[in-house]
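Peer 1: Next come the chains, spelled out residue by residue.
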Amino acid sequence: GAVVSQHPSWVICKSGTSVKIECRSLDFQATTMFWYRQFPKQSLMLMATSNEGSKATYEQGVEKDKFLINHASLTLSTLTVTSAHPEDSSFYICSARGTGGLSPLHFGNGTRLTVT
Amino acid sequence: KNQVEQSPQSLIILEGKNCTLQCNYTVSPFSNLRWYKQDTGRGPVSLTIMTFSENTKSNGRYTATLDADTKQSSLHITASQLSDSASYICVVSATGNQFYFGTGTSLTVIP
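Chains A and B, in that order, give the protein sequences.
Per my numbering, the first sequence starts with residue 26, numbered consecutively.
Per my numbering, the second sequence starts with residue 6, numbered consecutively.
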């Protein structure tokens, strides 16, 4: 079945540095990918919708200059957390949707970001 | 306002027992409804997807129902196993790429 690979699965970085998270659709093309943030015991919170070849659409309250999204190809989207702070520590998950209205959302396994 | 509400928020059951999770939504225009299982520290995995015309869909021990008139869905788990312990998320899709997530039900199956 369709697989979405997310890398890295966990990362620890120092405050002020930037971290890049990759999301790849391995066996299908995804014109649209989604990035979420999840806090403990809470559901996924959509951060932005990533569109191949165009700018991402950010949800209200999400700083686009802090969370840089690039969707350079039909199989790769990246999320860069710039100038990370401890409050950015969270679980970040991407998803990709295949073609067709009923194609399910396929999720990556998430990236645990810890900013020290 | 498009919303998806799930109940209960958490549930503890004995291994081997059945349980039913609920999802009520106000999303319009409705496209489809999906149930996902999310293990701790992992990404969600699709269990079922149903369109407006489908009333029930099964995936092994998981059976989802949909009443599009009342805008309610349920996920029934039969003969629960310890590995069923997870968060179950209801996601309702409007037309286009809009997805609305429920807050999830945390299920714990105990021996």
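It cannot be assumed that every hint is accurate.
[Unchecked claim] Here are the computed lysine to aspartate or glutamate pairs in the DMTMM-like style, where the Cα-Cα straight-line distance is at most 25 Å:
#: 1; chain 1: A; residue 1: K89; chain 2: A; residue 2: E77
#: 2; chain 1: A; residue 1: K39; chain 2: A; residue 2: D90
#: 3; chain 1: B; residue 1: K6; chain 2: B; residue 2: D74
#: 4; chain 1: A; residue 1: K39; chain 2: A; residue 2: D113
#: 5; chain 1: A; residue 1: K66; chain 2: A; residue 2: D113
#: 6; chain 1: B; residue 1: K76; chain 2: B; residue 2: E20
#: 7; chain 1: B; residue 1: K6; chain 2: B; residue 2: E20
#: 8; chain 1: A; residue 1: K39; chain 2: A; residue 2: E77
#: 9; chain 1: B; residue 1: K6; chain 2: A; residue 2: E88
#: 10; chain 1: A; residue 1: K91; chain 2: A; residue 2: E47
#: 11; chain 1: A; residue 1: K89; chain 2: A; residue 2: E47
#: 12; chain 1: A; residue 1: K45; chain 2: A; residue 2: D113
#: 13; chain 1: A; residue 1: K66; chain 2: B; residue 2: D44
#: 14; chain 1: A; residue 1: K91; chain 2: B; residue 2: E20
#: 15; chain 1: A; residue 1: K66; chain 2: A; residue 2: E84
#: 16; chain 1: B; residue 1: K6; chain 2: A; residue 2: D113
#: 17; chain 1: B; residue 1: K6; chain 2: B; residue 2: D72
#: 18; chain 1: A; residue 1: K45; chain 2: B; residue 2: D74
#: 19; chain 1: A; residue 1: K66; chain 2: B; residue 2: D74
#: 20; chain 1: A; residue 1: K39; chain 2: B; residue 2: D89
#: 21; chain 1: A; residue 1: K80; chain 2: A; residue 2: D113
Honestly, the hints are just simulated from the structure, not real lab data.
Peer 1: A separate judgement is required for each hint: does it hold in the structure or not?
Peer 2: Structure-based check of all given hints:
no.	hint	verdict
1	A:K89 with A:E77	17 Å, holds
2	A:K39 with A:D90	19 Å, holds
3	B:K6 with B:D74	17 Å, holds
4	A:K39 with A:D113	11 Å, holds
5	A:K66 with A:D113	17 Å, holds
6	B:K76 with B:E20	30 Å, violated
7	B:K6 with B:E20	38 Å, violated
8	A:K39 with A:E77	31 Å, violated
9	B:K6 with A:E88	24 Å, holds
10	A:K91 with A:E47	16 Å, holds
11	A:K89 with A:E47	17 Å, holds
12	A:K45 with A:D113	13 Å, holds
13	A:K66 with B:D44	11 Å, holds
14	A:K91 with B:E20	45 Å, violated
15	A:K66 with A:E84	21 Å, holds
16	B:K6 with A:D113	29 Å, violated
17	B:K6 with B:D72	19 Å, holds
18	A:K45 with B:D74	44 Å, violated
19	A:K66 with B:D74	31 Å, violated
20	A:K39 with B:D89	37 Å, violated
21	A:K80 with A:D113	22 Å, holds
When the structure is compared with the earlier hints, violations turn up for hints 6, 7, 8, 14, 16, 18, 19, 20 and for no others.
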